[in-house]
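Protein chains in written order, with the numbering used here: chain E, 12 to 346; chain P, 12 to 346.
These are computed hints drawn from the structure, not numbers from a lab. Fair warning: there could be bad hints in the mix.
[Claimed, not checked] Which residues of chain E face chain P? A partial, calculated answer using Cβ under 8 Å:
| no. | residue |
| --- | --- |
| 1 | Arg-159 |
| 2 | Asn-204 |
| 3 | Val-205 |
| 4 | Phe-212 |
| 5 | Gly-216 |
| 6 | Val-225 |
| 7 | Thr-242 |
| 8 | Val-246 |
| 9 | Val-248 |
| 10 | Ser-253 |
| 11 | Val-266 |
| 12 | Arg-308 |
| 13 | Trp-320 |
All C-beta atoms, glycine included, are put in the ideal place defined by N, C-alpha and C.
2 protein chains.
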Amino acid sequence: MKKNIAIVGATGAVGTLVKKLLEAREFPVGKIKFLASARSLGRKLEFAGEQIPVELMNPEAFKGIDIAIGSTPDEIAREFVPWAVAAGAVVVDESAAHRMLPHVPLVVPEVNSEAIAGHQGIIASPNCSTTQMVVAMKPLHDAARIRRVVVTTYQATSGAGLAGDVDLLEGSRAALDQQEWKYQAFSHPIAFNVVPQIGSFQDNGYTSEEMKMVLETRKIFADETIDVCPTCVRVPVRNCHSESIVVETESPVSVAQARSLFEAASGIRVLDEPDSGVYPMPGNCDDRDDVFVGRIRRDISRENSLAFWCVSDNLRKGAATNAVQIAERLASGDY
Amino acid sequence: MKKNIAIVGATGAVGTLVKKLLEAREFPVGKIKFLASARSLGRKLEFAGEQIPVELMNPEAFKGIDIAIGSTPDEIAREFVPWAVAAGAVVVDESAAHRMLPHVPLVVPEVNSEAIAGHQGIIASPNCSTTQMVVAMKPLHDAARIRRVVVTTYQATSGAGLAGDVDLLEGSRAALDQQEWKYQAFSHPIAFNVVPQIGSFQDNGYTSEEMKMVLETRKIFADETIDVCPTCVRVPVRNCHSESIVVETESPVSVAQARSLFEAASGIRVLDEPDSGVYPMPGNCDDRDDVFVGRIRRDISRENSLAFWCVSDNLRKGAATNAVQIAERLASGDY
Chain E
12 MKKNIAIVGA TGAVGTLVKK LLEAREFPVG KIKFLASARS LGRKLEFAGE
62 QIPVELMNPE AFKGIDIAIG STPDEIAREF VPWAVAAGAV VVDESAAHRM
112 LPHVPLVVPE VNSEAIAGHQ GIIASPNCST TQMVVAMKPL HDAARIRRVV
162 VTTYQATSGA GLAGDVDLLE GSRAALDQQE WKYQAFSHPI AFNVVPQIGS
212 FQDNGYTSEE MKMVLETRKI FADETIDVCP TCVRVPVRNC HSESIVVETE
262 SPVSVAQARS LFEAASGIRV LDEPDSGVYP MPGNCDDRDD VFVGRIRRDI
312 SRENSLAFWC VSDNLRKGAA TNAVQIAERL ASGDY
Chain P
12 MKKNIAIVGA TGAVGTLVKK LLEAREFPVG KIKFLASARS LGRKLEFAGE
62 QIPVELMNPE AFKGIDIAIG STPDEIAREF VPWAVAAGAV VVDESAAHRM
112 LPHVPLVVPE VNSEAIAGHQ GIIASPNCST TQMVVAMKPL HDAARIRRVV
162 VTTYQATSGA GLAGDVDLLE GSRAALDQQE WKYQAFSHPI AFNVVPQIGS
212 FQDNGYTSEE MKMVLETRKI FADETIDVCP TCVRVPVRNC HSESIVVETE
262 SPVSVAQARS LFEAASGIRV LDEPDSGVYP MPGNCDDRDD VFVGRIRRDI
312 SRENSLAFWC VSDNLRKGAA TNAVQIAERL ASGDY
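Construct the complete structure from the given sequences, taking the supplied hints into account.
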């Protein structure tokens, strides 16, 4: 059963990856459309050996589309999603624009694919930092019910789009040459620095990025009693977010049990041979679809608590891969 | 009352800074000796306008020395400290070699200068990641008794000495030029990467660096009931360690109270205007003696718990400054 697909924001970093994943995963594509803003008109993108012109994102563009996958900023999503839904498409939206609306399922297939069933034309994919965390939390939560998470992130500059990558590379080169670089994507220099702000500050002293980790986690697990204390930090890494995670559970989980649970879980790969220097790092998890877990150990400060380290490609599982996996479930009816 | 001083490991990154601080802070120096291994013989170092030859570290070198400040690896400290003590000097040892010995005070002057009184010839200065954390913990602990800390670090390459800095700069340049760099100080590439290992792994799954944060904190506060869950991570930053800290206290502390306590505390500077993008970062805390604190907020996942962000120059307050402050207290009798 082939599906007609539109990729919205097709020329961006994540949109480009969505296209690549549809090809690589042999998604049953009927017709495909690449939609973008006027700036990208005139460009052609290759798909399955064919050169396809980029089209303007407008209400008419969604006619005949079954699934629209949106990799756009929030404000663009607010514009196109109603058009796509009105045209009869189901939208898989990677932006934050619709994630917390009650009638929009927020889905990570390994965690809550069953939520897809309740969709009313829009399915949201979570924020990158949330997605990898909930994949890692899932087997522990199923086994022992997670009550509280303290998470601190090391987030790559690719999370700020192509301009973020340029800033890191050019900013680093300038710093090495003792030159100046005018940053475009960041308000502080990111080369050889760490910046404890991603997004804008809320009244409670947390950033929008941090509150996504709190609120999206509860929605995905459909459990408002899970407490999360997040600190989100940008680091001078090109791609892959790393997270230091401490989870307190209702019942005890040993390190050996946790390792077995992680190993048996869908979407997780355990890299945990610390004595041999084997643990996840951006340097060994890039361009992979899995959520990598390592440094699994007992939290020595509390009973029923575990600490671990989690790395995943924020453009893949954190964005494009998760959206394509949702689209696959939609297409196959497997949810 | 001038004191005769020996700087041991005088040609290293921290030893060089100790020398600079003694001059800048107008330490009452009588005679000064620069001691190092045979490799540095023949070098001269300037102090107060005078060129002073580096001398070989041996048992005779400590004759007539009042205070020896050691900025050496553990194995060198194990060699020279007994010589210095036998010669009648008091040693301020920055290495980890003697820190946990019961008869050796482990001192951060802002926290426990009174412990200096009990010394028997050796006073230890803590690990860099511990020092900045306990300075920040002190006012909260005094006000509300800290029961548990979850800390995740972002540690600079200068913590691995001069070779660490070379590795970061040359490794970054090589990566930008798509060349290879053979790392000397690190077992994994650190350029554009984060590495969740500092030191060697213990049986409990924590690294030696992490266990220092647990054990040294308890010793400094003389409170074995303080629990710490640490995760220590190397990041591609030249200098200054950053720490994400969550502290649970026995009694409640509001954010406003915490800010006042931090502002009134010795050795702490508050940089906390998040709406204006003001918070501590390696980029704005380098080459300063203070411990910088920002992003002070309620831990939304638990009662009686606070989250904050802490940055300090690991070569200064994390090493040289703390040692010189201990020496100043010794010299003045102010403890």
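Tested hints:
{"no.": "1", "hint": "Arg-159", "result": "holds (5 Å)"}
{"no.": "2", "hint": "Asn-204", "result": "holds (4 Å)"}
{"no.": "3", "hint": "Val-205", "result": "holds (5 Å)"}
{"no.": "4", "hint": "Phe-212", "result": "holds (5 Å)"}
{"no.": "5", "hint": "Gly-216", "result": "holds (3 Å)"}
{"no.": "6", "hint": "Val-225", "result": "holds (7 Å)"}
{"no.": "7", "hint": "Thr-242", "result": "holds (4 Å)"}
{"no.": "8", "hint": "Val-246", "result": "holds (6 Å)"}
{"no.": "9", "hint": "Val-248", "result": "holds (6 Å)"}
{"no.": "10", "hint": "Ser-253", "result": "holds (5 Å)"}
{"no.": "11", "hint": "Val-266", "result": "holds (7 Å)"}
{"no.": "12", "hint": "Arg-308", "result": "holds (3 Å)"}
{"no.": "13", "hint": "Trp-320", "result": "holds (5 Å)"}
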